[in-house]
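Q: The primary structure of each chain is shown beneath.
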Amino acid sequence: MMASSYNAKEEDGHHSGSSSHGGPGAIKSKKPDNTAFKQQRLPAWQPILTAGTVLPAFFVIGLIFIPIGIGLFVTSNNIKEFEIDYTGVEIDSPCYICAKNFSWNSTTSCVCSVNFTLDQPFESNVYMYYGLSNFYQNHRRYVKSRDDSQLNGVESNLKQPSKECEPYRTSDGLPIAPCGAIANSLFNDTLELFHINQNGTKQRVNVTKKGIAWWTDKHVKFRNPGGSSNLSVAFQGTAKPVNWRKAVYDLDPEDPENNGFINEDFIVWMRTAALPTFRKLYRIIQKKPNSTPTLSSGRYVMEITYNYPVLSFDGRKRMILSTISWMGGKNPFLGIAYITVGSICFFLGVVLLVIHHKYDTRTNSAEIPN
Amino acid sequence: VVCFFPFVSPEEERKVKANDREYNEKFQYASNCIVTSKYNIVTFLPVNLFEQFQEVANTYFLFLLILQLIPQISSLSWFTTIVPLALVLSITAVKDATDDYFRHKSDNQVNNRESQVLIRGSLQNEKWMNVRVGDIIKLENNQFVAADVLLLSTSEPHGLCYIETAELDGETNMKVRQSISVTAELCDPNHLASFDGEVMCEPPNNKLDRFCGTLYWREKKYPLTNQNMLLRGCVLRNTEACYGLVIFAGPDTKLMQNSGRTKFKRTSIDRLMNTLVLWIFGFLVCMGGILAVGNAIWEKEVGFLFQSFLPWDPPVDNFLFSAFLSFWSYVIILNTVVPISLYVSVEVIRLGHSYFINWDQQMFCSQCNTAAEARTTTLNEELGQVEYIFSDKTGTLTQNIMTFNKCSINGQSYGMLNFTPLNPLADPNFCFYDEKLLESVKVGDSHTHEFFRLLSLCHTVMSEEKSEGELVYKAQSPDEGALVTAARNFGFVFRSRTPGTITTTEMGQTVTYSLLAILDFNNIRKRMSVIVRNPEGRIRLYCKGADTVLVERLQPCNQELISITSDHLNEYAADGLRTLALAYRDLSEEEWEAWSESHRFADKATDCREDRLAATYDKIEQEMLLLGATAIEDKLQEGVPETIALLSLANIKIWVLTGDKQETAVNIGYSCKMLTDDMTEVIIISGHTVQSVRHELRSVFFFFLVQILPNLIISGEFALVISGHSLAHALEPDMEEEFLSTACACKAVICCRVTPLQKAQVVELIKKHKKAVTLAVGDGANDVSMIKSAHIGVGISGQEGIQAVLASDYSFAQFRFLQRLLLVHGRWSYLRMCRFLCYFFYKNFAFTMVHFWFGFFCGFSAQTVYDQFFITLYNIVYTSLPVLAMGMFDQDVPDQRSLEYPKLYEPGQLNLLFNKREFFICITQGIYTSVVLFFVPYAVLSDATQSNGVPLADYQSFAVTTATALVIVVSVQIALDTGFWTVFNHVFVWGSLGSFFTIMFALHSQTLFRNLPNQFHFVGNAQNTLLQPVVWLTIALATAICIVPVLAFRFLKLDLKPQLSDTVRKLKFSFYDPSVSALLSSQCVPL
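Those sequence lines, one after another, are chains E and B.
In terms of UniProt numbering, the first sequence is residues 1 to 370.
In terms of UniProt numbering, the second sequence is residues 1 to 1087.
Simulated from the structure, these hints should not be mistaken for lab results.
This structure is a prediction, so every number in the text was calculated from the model and none was measured.
Please note: incorrect hints may appear among the correct ones.
[What the hints assert, rightly or not] The calculated lysine to aspartate or glutamate pairs, modelled on EDC-like cross-linking and capped at a C-alpha distance of 20 Å, are:
no., chain 1, residue 1, chain 2, residue 2
1, B, K300, E, D314
2, E, K163, B, D895
3, B, K175, B, D188
4, E, K38, B, E387
5, E, K144, B, D1062
6, E, K202, E, E257
7, B, K635, B, E590
8, B, K207, B, E13
9, B, K1057, B, D895
10, E, K288, E, E192
11, B, K771, B, D1062
12, E, K38, B, E638
13, B, K526, B, D611
14, B, K138, B, D100
15, B, K903, B, D1062
16, B, K673, B, E696
17, E, K246, E, E257
18, E, K358, B, D1055
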């Protein structure tokens, strides 16, 4: 690659060094410069793995990881979590009928209710999630099937959605807003929670639906199109996604600020999950001002408007209630992993120390290999 | 410069008519314009790209790029491939363009040189490129010859002129050229303008020393030889002016014909790398296959049912087709296991190492003002793996400064046996004196006189007499110079020569001999003769040459003298001197006439001219009378014994291949410590026939067998000395294995009396059978073949011109620099390259294999784990510089240590640091890292939420977490691998980490998103994710799990099985540990 034998300059005067073929130089010393860089004598730090550095490192890692692990484990254990599957696979499950009779064309919603009991009261804010299993939100074709410009309120993309949205790009000649497979498959079950009092009356548990999406998503990434404050005008000339029952500007009938692309349920759904089993934040049950627990122990009923079919692809739907700590939700793995890794490090440190000592006594008398 | 090259069929014969451009144009000969550049502005882009895409790796990436344009397959956006590819292509293109720019510049300069051309009867200045075949040009003193020209006439008598051919063959002495006599009178432009001779000659070729043609002029034929030609590249010297007829121009000249691309040498690491890249391709296809099968199963079992939410893309109607597409999609996203930047990085590192060699002050020779030079930049790491060194003797081990030391005249030996000059810098001319010899010259002993007369006549030295008495000799070989100078000091002064005469001053009297013939020296004849007629008219042939060839040609009458002289010769040779025998023969006028006729006949022959001439020479060099012998000393170079001792301690076997006599060679072997008195036996093989050589080899073999049998290792050290004629038989296909096994069992091998071709054959033999890296070092034209055939050729820029240097890969001025080149630079280069490759493969596997594991969780849909920008930048920004810095600057032990402990060189010879096993370890570590990097975030994040309850398991957070963990893990790994933290390493390691975070925050910023929402959809992700403690806990956990086992393994290896380099490295820190240093020094340091 770099070797060519003839160079016209070699014909020219005498064979000169690689670098200098400048002027007709007088007899100039070609002695290379005596710089640390050129002579490869740059000052350098030369670490070596000695027993004095490696063994303490192992012990230090061990000593740091184990307490962190214990802390994490305890924190995680203090978090209360309740999970219930309401897919309706079993014949005796309350949503069996709804699941069985699902039809894309039906206009009426099927409602089912699931009873459950909380053994322990949930203190502080309680977070309510819906969970899906075997749902491939991370499939390549699914992930790319969206138009972020459209979701950002760019007018041209509202009318001319990106090709990535195919086959959910247009419907009956009208552009779909929001387009794409992700939006089209928006989770549309409604979950309502009721506490059953001692006397058997159902009392609705108050939930908020604000603050479930990322701040940047809500305020930067997702924006409604057009200057018009009336969303139905802004979205004129577009079609709703084919699976949807209502238009994008009607998603939240209660709060007009929570409609269009900035509907938080919609935003949460659009942040696709990394794994086929995932949970998404649905509602927050705010802590009560007085000292009563947010969710006291006792019987509850969850009323579900069953709109979302998952049985066809063997999916599952769950509802999860969880409290939260500084490190997020329940996560036993992290604590256990830290304790394990810390212990292994510590143990390795001990083993290596023993080996080192045994070997050290041997070397003093013995051979050094060639 | 625009040169036009007509496309013509190969010439059979060249016809050139002087002063007739129209006639010559019929043949469309090439013009005198040369183009060594490859491109011009228009062709640069297409031609350079075309050349670059001939590289397999580049084509592969182009193929990937095309695949990515298919929307159903495209799993990565186009820029992830095109950015690195464009970067790699443009780096190479810039390099090529710079090279070519300088070539253009020198082409321009050469093509625009002025030369005087005879056009229509008058001399006109023309640019070189406008000179045509058939033009007559005028050359002046010290000018370069513009083309290959036929010398027509000169300003000197007899049509003589002198040239220097240093650019062609590296010989710095002057040579004579003579025009044929009929044209010698054409001295002025008017006569020349009317010259209309036609030359018929051979087509363009690259043979520098022969030319064969005929001049037809005025109905007569005149033979033309090389003696009549001035070749392009020569310089006219000591001649006022001369005229020549252009025969070959531009690309047809012998100079250009000789400049074909040299054979491209590849290192063993290169070959291994290519194999590994092929394996990785295979691996890639397997991975793609596995994932495609997975995709088929998934699409059949799940994807088909999932169609209510995610319908198949229109062309896909069944799972098999989907699997087919997914295979290609995975080939695209897994392509980073074959790193595109690998080759470029390797080149950059090698270039850096070459500069370090050029810059090394300790390989600079201040006497000759020459620094070491890496002429090939692609072989550096091979310098760390050399097992065999083939060395020339003269000029390589020795200084090639000859001093006349002893002589034997008519059976009487002269010379101070124990004379050693007190001052080592004393003028070599005065080293020799022997009262007896001076006496015998003075008294006029006829033999002594004849002896020195021979020395003053029989040579090809040119003299230059700047002022009266100030004679300067220019000799082709230093031996000749020494002999002529000796004769001069004893009163037989060679003054000057013309083609027909030699003028000498014999004991104060000027005598002019007419020179009848010179019977040239060559390697086969090993002798040269002159035939002269002295002023009295007596014709005498003087011959000097190797004793073996000369003794066969002597008159057998005086056997006693012959045997005494032979004894002397052997004595001299045993002292390590170079010997020559001298003889003469008187010729009668008739003998001379007869021989002269046959000589002329042979000279005119057009086919096998050389052979015929040699046969003619052989005829007359018979029946000679012995005069005596000369012995010339060639001193060893500084530091040679130490260097050889050090290199053999480094387990490098040194073979000396020399043209000298066996005794001389053995003696030099002793004086440079190759042979020692401790050696069990020095085996000498000097058989002349196949049988005797075979017999000798067999007996050595049995001898070894006896030695081996008791303990299965060869106890004791052996040395082998083999002579050229035995070697010729030993190199026969049926005997070479036997020879090889014997030779390789020996510690030192000396081949004497070998021809240049045999030197190359020996090298080829080792290359063929031993799979070892060979290095050939030499200084003369006879070493060129050996230098070219060895893996690494080293040229010593010494007394014998620069031909060896031009053919070499590395050049320097002193043999002793070889130890630094190999033990320091070679060792470091090898170490750095190996560490670089290990890490490079590791980091790419760690990076890429994460996609593979993710495949099992994303329906085998070829969804990438990371952001597209991260994939684009990972190899070229985030991880490239730290490993480059390591590959450039790493040192495990300082340079003086590797010279103190030559055993440190061994890992390179055994190929321990990077081989298939090491490669598997690297990629296993890479795959392990990828498993950790995927499954730890998977396990942690799948249920984790932010501290505000929002789940963390969204795709983008997962991507950021994994990418951050990856960059941190590979950075920690490079920090572990780097053993020598210079300021560059710090800047690059910390800088890369810093750039990762900076670039990520920039790419996830709102500004970019607002402008291009579809490209920068990770908006806000970096801050949202990286502010979560859980994410950092995950990264720390993954890093610990990746690094702790590596740390433990490395520590165990260091503790239980330390390599010598580790021990030496530790030594620096614990100088006072006497046990270690004592052990080491007892084992490794010879002195």
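Q: Now tell me, hint by hint, if it's right for this structure.
A: Do the hints match the structure? See the list:
1. At roughly 13 Å between alpha-carbon atoms, K300(B) and D314(E) fall within 20 Å of each other, so this suggested pair holds.
2. Between the alpha carbons of K163(E) and D895(B) the distance comes to roughly 62 Å, so the proposed pair goes past 20 Å and is violated.
3. Restraint check for K175(B) and D188(B): the C-alpha separation of about 24 Å exceeds 20 Å, so the hint is violated.
4. Between K38(E) and E387(B) the alpha-carbon distance is near 28 Å, which puts this suggested pair outside the 20 Å criterion.
5. The hinted pair formed by K144(E) and D1062(B) fails the criterion: a straight-line CA distance of about 52 Å is larger than 20 Å.
6. Between K202(E) and E257(E), the direct Cα distance comes to roughly 30 Å. Violation of the 20 Å bound is thereby established for this hinted pair.
7. As the CA atoms of K635(B) and E590(B) are separated by approximately 46 Å, the hinted pair breaks the 20 Å bound.
8. For a cut-off of 20 Å, the pair hint linking K207(B) to E13(B) stands: about 16 Å separates their Cα positions.
9. Taking the CA atoms of K1057(B) and D895(B), the gap is near 23 Å; set against the 20 Å cutoff, the hint is violated.
10. With a CA separation close to 18 Å, the supplied pair K288(E) and E192(E) stays within the 20 Å bound.
11. Taken as a hint, the K771(B) and D1062(B) pair is broken in the structure, with Cα atoms around 28 Å apart against an allowance of 20 Å.
12. Between K38(E) and E638(B) the CA atoms are separated by roughly 25 Å; this puts the pair beyond 20 Å, and the hint is violated.
13. For the hint pairing K526(B) with D611(B), the CA-to-CA distance comes to about 15 Å; that is within 20 Å, so the pair holds.
14. This hinted pair does not check out: K138(B) and D100(B) have alpha carbons roughly 32 Å apart, beyond 20 Å.
15. For the hint pairing K903(B) with D1062(B), the CA-to-CA distance comes to about 12 Å; that is within 20 Å, so the pair holds.
16. Only pairs whose Cα atoms come within 20 Å are accepted, and K673(B) paired with E696(B) is rejected, the gap being roughly 25 Å.
17. Restraint check: the Cα-Cα separation between K246(E) and E257(E) comes to about 17 Å, which is no more than 20 Å; the hinted pair holds.
18. For the hint linking K358(E) to D1055(B), the alpha-carbon distance of about 11 Å falls within 20 Å, and the restraint holds.
In summary, the numbered hints that this structure violates are 2, 3, 4, 5, 6, 7, 9, 11, 12, 14, 16.
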